[in-house]
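Relying on the hints, combine the two individually framed chains into one complex.
What follows is each chain in one-letter form.
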Amino acid sequence: MSDRKTFNVDFDSDDTGEQKLWAALEELPREAPSANMRRSFYRELDRVNSASWAERLGGWMGINGNAGWVTVAACVLIGIGMGQSFDMTDPEEPMRLEVLEQNVALLNRELILDRLEDATAGRRLRGVIDASNVVQDDAEITRALLVRATEDSVYSVRSAAIDALGPRMSSAAVGNELMILLENAESPLVQLALVDLVLRNGNDAQLQQLLQLSDKGRLHPDLTKHVNNYLGSESI
Amino acid sequence: MQAVSDEQLIEWVAGGDASCLGTLFERHNRGVYQYCRQLTRNSAQAEDLAQEVFLKILRKAGSFRREGTFKAWMFNIARNVTLDYLRKAKRQGVTVPVEDAVGQQLVDHRSAEQAAAGKQNMSLVARAMANLPAAVQDVIWLGRFEFDTYEELGQALGCKAGTARVRMHRAMQQLNAEFATINGAPIDV
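The listed protein sequences derive, respectively, from chains B and E. Heads up: the first sequence is residues 1 to 236, going by my numbering. Heads up: the second sequence is residues 1 to 189, going by my numbering.
Only chain E is shown next, with the shape it has when bound in the complex (with noise of 0.2 Å):
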């Protein structure tokens, strides 16, 4: 439990206290980073999006309301302007180097057999996620790891929920098809 919550914190950001989004920025900043590095597949360019993140969050501050979660407001700027860099960058012919983390980051404690066998499966999850279009994989995304309801999915996603709800399902078989091109087969875990 926080003892001041997001939404007090960015009120007090917007009323000239800026040195509020400095906790917010503690809060937040590995969750945006990681969403921004999900798209982009870039860890320096992720941490400059990310760091802009917050920036336009010090602007906008006054603009938000209370009728959504402060998470969910500051996941639809981070979605904004990574999809905005995204646009920029195939429009300018922009290549951004893609590094692959699975590699450094897997996480296993099964057996090596188990293992290798998982650490092959996550990298042909990571491969399909990659392969999505950036809409795509934002909604499972958030939805897989920042968000626990529809409905504050829908405010991140600027949508209601019923629609963040489609959204996540057509998003799952796009994923689930790509899975199966790539392998050659559906996943078996």
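Same shape as in the complex, but just chain B (with noise of 0.2 Å):
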């Protein structure tokens, strides 16, 4: 049985040939699928619906692959210790439970490094916001970061990298890098969150760079004009 309900473009040539052969094409044989076709799709989407529990579990909880079951199972038996360790009256107990919350941060911070080098730009983005909280402390977490913010292929992962790299504008080091990076930057996204952040965050040496990019027209107009705008009234 075919099935004859059709929709189409509306298709206008001034050749008669195409319009003919446009018009013949409906009579095109469309046949119908086979039965067994819908019992072998409700079979697999029931084989799919009945992942592990594991799987599923895992998905909910947005810890997917065999590094979050890891990093659970790792803070379950910190969390164990650490109710142990609450009962304890050793007189040790206060350096204990220090060293257990420095191995929570390290796992922590091994998951944030772990998320900022994902294949999934979504974890990637996760990453970068957890990272803005430690950012200030951690020379790693900062690289990580510093790569996200110039290599990244999203936008929106490099700005928010941008964006989280925003409180280390002081650092020399990270100063350099981000307006190497405005140098070169192409994208108006990426202009835009680095020129914000120079203005919020940089040093007058930052932002008299920042004004000699505008002024040379190395940024988009838009910028230009907003650059201009906001430091018109200010003497640096």
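These are computed hints drawn from the structure, not numbers from a lab. A few of these clues could be false.
As the list claims (entries may be wrong) - Calculated cross-link-like contacts (lysine to aspartate or glutamate; reagent style EDC-like; alpha-carbon spacing at most 20 Å):
1) B:K20 / E:D188
2) E:K160 / B:D12
3) E:K56 / B:E44
4) B:K20 / E:E178
5) E:K56 / B:D46
6) B:K20 / E:D148
7) E:K60 / B:E44
8) E:K160 / B:D10
9) E:K90 / E:D48
10) E:K60 / B:D46
Written out as structure tokens, the structure is:
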């Protein structure tokens, strides 16, 4: 049986042959799939739906993959350890607690670094957001953020990484990297994130550099206006 | 008029209710199958591909954005799945048995003579279509049977409406030339 219900776009042509062909196409046979396809599809859908509880739980918690589960297991063990340590009236208790806290922080840091290098843009973005809370104190996370800010193929991740690096603008290494990035950035979105960052957190030298770039026409025209408006009334 | 739109259903699928995929499958499996059948010219292969399309929809449901219609998004997936399959088959030198569905499928209510002429013409149109590259056939098929605006067709093809219109014109020119080559003369219906 054929399904004769058709849509079709408005095709107009000066060529009579093409018009006739367009009309003749209506009669092309369109057979229905066999009942086997329906059965096979629902069987497969059932199979997918009955995935193991661990996979589903992992999916709900956003911890797909072995690394996620290892982290969860480690956190549970640490939690048990902490619980036991509270029960003890050992004089070394505060020290043990401190060690456990350090371990948790270490695991958290590893998780952030893993996320920053994840193949999925969404997870990298989440890593950037998590990293923005610890960036001031951790050189390795700062480096990983710089890599995201300079190399990530997804603009939103780059922009978020630039934003997260804001509090470190005063550090010479980070400040220089970001200013080099601004000089080379071609995407208006990335330029906007960087300009905004310099305007909010930049020192005098960085603001001067920004003005020079603006004067040389290296920024998007709208951003040039924005910079001039913003800095017009201020003396540097 | 459907009580629940395709777009709402796919959002529910993305939210974890995979049973809604069944409704989408019931609404669209025939169109997807026919599209895959046209490009592969093999019923069994088309059924496998159509099933793969819907399972891919399940996996990618979360990435659907209401920037276009569900149907256009679905056919974009169907297009990628089918063209990928054809590319792989070609690379690996796999020959898919080609079936001729024209003989059994044509429904013609005209006189016997007209019907015979029409059937012959149709056979030639079907052959001309089948001789075109898959990427050309798919423009014609989707534009002729699945979408009624170039905007939606463009979404399915992954291009803008204007580009879809140009591609359709070029595709029809190719079909016309192919028909004339096979028939020895332009179509005369």
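Straight-line Cα separation of K160 (chain E) and D12 (chain B) no greater than 20 Å?
Holds: K160 (chain E) and D12 (chain B) sit about 18 Å apart, inside 20 Å.
Going straight from one Cα to the other, do K90 (chain E) and D48 (chain E) come out at no more than 20 Å?
holds, 18 Å
Take a quick look at whether K60 (chain E) and E44 (chain B) sit within 20 Å of each other, Cα to Cα.
Answer holds: K60 (chain E) to E44 (chain B) is near 16 Å, not above 20 Å.
Distance restraint between K160 (chain E) and D10 (chain B), which requires alpha-carbon spacing of 20 Å or less
Holds: K160 (chain E) and D10 (chain B) sit about 16 Å apart, inside 20 Å.
Mind checking the alpha carbons of K56 (chain E) and E44 (chain B) for me, to see if they're no more than 20 Å apart?
Holds. K56 (chain E) to E44 (chain B) sits at ~12 Å (cutoff 20 Å).
Would you check the hint for K20 (chain B) and D188 (chain E), treating anything up to 20 Å between C-alpha atoms as holding?
holds, 7 Å
Does K20 (chain B) pair with D148 (chain E) here, judged by a C-alpha cut-off of 20 Å?
Given pair K20 (chain B), D148 (chain E) holds - Cα atoms ~19 Å apart, limit 20 Å.
Given the hint that K56 (chain E) pairs with D46 (chain B), test it: the Cα-Cα distance must not exceed 20 Å.
Holds - the C-alpha atoms of D46 (chain B) and K56 (chain E) are around 15 Å apart, at most 20 Å.
K20 (chain B) and E178 (chain E): Cα distance at most 20 Å?
holds, 14 Å
CA of K60 (chain E) to CA of D46 (chain B), is that 20 Å or under?
holds, 17 Å
Violation of the numbered hints given earlier is absent; every hint is satisfied by the structure.
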